[in-house]
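**Q** Sequence:
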Amino acid sequence: MTPDELRALTGCGETLTVEFKSDRRKMSNDDIVNAVVCLANGSGGDLLIGVEDDGAVTGAQPRSGQTVDATLLPPMIANRTVPQVVTEAEVIDIDDVSVVRVHVKPSTTIVGTTGGLYVRRAIGADGKPACRPFLAHEMLADRIERGEVDFASVAEPQASFDDLDPDEFDRVRRLATRAGGQSKVIASLSDVDLLSALEVAEVRGDDLLLRRGAIMLFGRPEAIRRFVPTLETKFQVLEHGAIRQNVIRHDPLFKSAESLYEQLRAYNTQDEVVIGLVRVEIDRVPEVVARELVANALVHRDYTRMGTVSVQLRDGELEVSSTGGFPRGVTLANFLERTSPRSRILADAFLRTGLVDRSGRGINRVFEATLRGGRPEPEYRRSDADQVVVSVQVGETDLDMVRFVVNHDETSGRSFELADLQIVRALRDDPRLALGELARILQRSETWTRTRLTRLLEEGVVEMRGDGRARRYTLSGATYRAFSQAAGYVRARAFDEPQRQQMILTFVDAHGSISRGEASELCGTSPDAARRILKRMVESGALRVEGERRTARYHRA
Numbered sequence: 001m002t003p004d005e006l007r008a009l010t011g012c013g014e015t016l017t018v019e020f021k022s023d024r025r026k027m028s029n030d031d032i033v034n035a036v037v038c039l040a041n042g043s044g045g046d047l048l049i050g051v052e053d054d055g056a057v058t059g060a061q062p063r064s065g066q067t068v069d070a071t072l073l074p075p076m077i078a079n080r081t082v083p084q085v086v087t088e089a090e091v092i093d094i095d096d097v098s099v100v101r102v103h104v105k106p107s108t109t110i111v112g113t114t115g116g117l118y119v120r121r122a123i124g125a126d127g128k129p130a131c132r133p134f135l136a137h138e139m140l141a142d143r144i145e146r147g148e149v150d151f152a153s154v155a156e157p158q159a160s161f162d163d164l165d166p167d168e169f170d171r172v173r174r175l176a177t178r179a180g181g182q183s184k185v186i187a188s189l190s191d192v193d194l195l196s197a198l199e200v201a202e203v204r205g206d207d208l209l210l211r212r213g214a215i216m217l218f219g220r221p222e223a224i225r226r227f228v229p230t231l232e233t234k235f236q237v238l239e240h241g242a243i244r245q246n247v248i249r250h251d252p253l254f255k256s257a258e259s260l261y262e263q264l265r266a267y268n269t270q271d272e273v274v275i276g277l278v279r280v281e282i283d284r285v286p287e288v289v290a291r292e293l294v295a296n297a298l299v300h301r302d303y304t305r306m307g308t309v310s311v312q313l314r315d316g317e318l319e320v321s322s323t324g325g326f327p328r329g330v331t332l333a334n335f336l337e338r339t340s341p342r343s344r345i346l347a348d349a350f351l352r353t354g355l356v357d358r359s360g361r362g363i364n365r366v367f368e369a370t371l372r373g374g375r376p377e378p379e380y381r382r383s384d385a386d387q388v389v390v391s392v393q394v395g396e397t398d399l400d401m402v403r404f405v406v407n408h409d410e411t412s413g414r415s416f417e418l419a420d421l422q423i424v425r426a427l428r429d430d431p432r433l434a435l436g437e438l439a440r441i442l443q444r445s446e447t448w449t450r451t452r453l454t455r456l457l458e459e460g461v462v463e464m465r466g467d468g469r470a471r472r473y474t475l476s477g478a479t480y481r482a483f484s485q486a487a488g489y490v491r492a493r494a495f496d497e498p499q500r501q502q503m504i505l506t507f508v509d510a511h512g513s514i515s516r517g518e519a520s521e522l523c524g525t526s527p528d529a530a531r532r533i534l535k536r537m538v539e540s541g542a543l544r545v546e547g548e549r550r551t552a553r554y555h556r557a
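At position 231 of the sequence shown the residue is numbered 231 (my numbering), and the sequence of numbers has no breaks.
Hints are computed from structural coordinates only; laboratory data are not their basis. All values reported here derive from a predicted model rather than from experimental measurement. Keep in mind that a hint or two might mislead.
Claimed, not checked - Restricting the straight-line Cα-Cα distance to at most 27 Å, the calculated cross-link-like pairs of lysine-lysine (DSS-like) are:
no.: 1; residue 1: K184; residue 2: K21
no.: 2; residue 1: K255; residue 2: K184
no.: 3; residue 1: K234; residue 2: K255
no.: 4; residue 1: K105; residue 2: K21
no.: 5; residue 1: K105; residue 2: K26
no.: 6; residue 1: K105; residue 2: K128
no.: 7; residue 1: K128; residue 2: K26
To be verified - Ranges between beta-carbon positions, derived for each pair:
no.: 8; residue 1: H103; residue 2: R265; range: 50 to 60 Å
no.: 9; residue 1: R450; residue 2: D54; range: 47 to 57 Å
no.: 10; residue 1: T506; residue 2: D409; range: 36 to 46 Å
no.: 11; residue 1: H137; residue 2: D54; range: 44 to 54 Å
The beta carbon of each residue, even a glycine, is placed where N, CA and C say it ideally should be.
Using the sequences provided together with the hints, build the complete structure.
**A** Right under this line is the structure:
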């Protein structure tokens, strides 16, 4: 780290990943180790020795000898932590003093000091970052989040077989029989063997030890409230803002899933479109969408936190939300390509009973179903570290998109795959996209995306314009004609992004700022396309943004 980088870091104050420590009275080794453990149990970060709480640089004292030397710190820290924490330390000379920087990586498991101290970096009662005691229930939640412990595997010694509902065992057998294949095996098992097969109970001599998963899958409502009070579902229907239905339940997971499916099915309607000799039925809420979104919310929810799995149906939109962010390793940029169940036991139980897609690609099928149904792909942008929220449009259908997809599949001898549908939809919303932009939409590498585009180029679905970094992809003239938008092809070729950016700048000069919706209307593009244009203008330094999401407004930089 350079002196300038250190100045920038201290100027921003302490954060969850940056901790300042004064060395005026010479920190003890114990204090240094405690601070390192604190960072390791959080998101990792930098410990800066010789910096006051207000960011003033006062310098570190020599640990031995006459000069400040950081080489002995990493082995000292490793010897005093369990398991050993590997760190990197360096000395930064700045303003005639020296600061010691200890870089700590986030630990893959919970660590403590050899003296038995367990702390973690968190926000204190005063709203500022601080080292807080790492309590036992927090450790369990953290280990579950890290994937070290499965929430459903935690033993419940106070629970008995009487806490389980016999009807739920019959439900599982019925589901397994309907699923067929290898699932039929568990349909013939006794109740106790069924619990063992699903890894939610263990027979020890004459005793049956139930695990938390047994309560979650088979428990009576009163047992769920006692042992897993975080298992709660809510089904809500809103019409023009008024609540028409509001059902809150504490049912076991299999029953919750079937109940939510049935409630959604009651509100499902179908549109019909005749394409040639083919009659295509378009569901308002396709079965695969209802099944996979509900199952994902129930299985991947963080049951260490209070909250609910909420299914809300309102005017033209289905929203499914669950407490807890994405499982570790899954982000908004990779959730289509990476699967990482928070509970392997619960995910396997839903798989073996046929409640979710056996390939493990249920979310991909949701995206494909919505796009084939002529609707935008599901929206996850409201998800954060505290909840996963997915919104699916269930209103009007883009019948031209449906016709185009059906005709392509019939005439080309090849059915569109998810990536093909995503590309067509993205280029319809934003007529000129670069390779990198399409790769981000597909959550794939540019090499993989280029191969997919080559096939669509050969089929005449898309066209390519420009060279090098200026290369852009558009829908072909034939595709626009299939959409009954021949004029759109002319606009796509003639109306490029520089013109759109100039229009936006002219609007900002006249009105002071612009919103994403105003940019969308001004340029004749979708809100997502307008967002990408505005983002590029911010990155190039032409605009600056104030506010977030729907409140964001863009001003001259």
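**Q** Against this structure, judge whether each hint is valid.
**A** Here is how each hint holds up against the structure:
no., hint, result
1, K184 <-> K21, "62 Å, violated"
2, K255 <-> K184, "19 Å, holds"
3, K234 <-> K255, "13 Å, holds"
4, K105 <-> K21, "18 Å, holds"
5, K105 <-> K26, "24 Å, holds"
6, K105 <-> K128, "21 Å, holds"
7, K128 <-> K26, "24 Å, holds"
8, H103 <-> R265: 50 to 60 Å, "54 Å, holds"
9, R450 <-> D54: 47 to 57 Å, "52 Å, holds"
10, T506 <-> D409: 36 to 46 Å, "43 Å, holds"
11, H137 <-> D54: 44 to 54 Å, "34 Å, violated"
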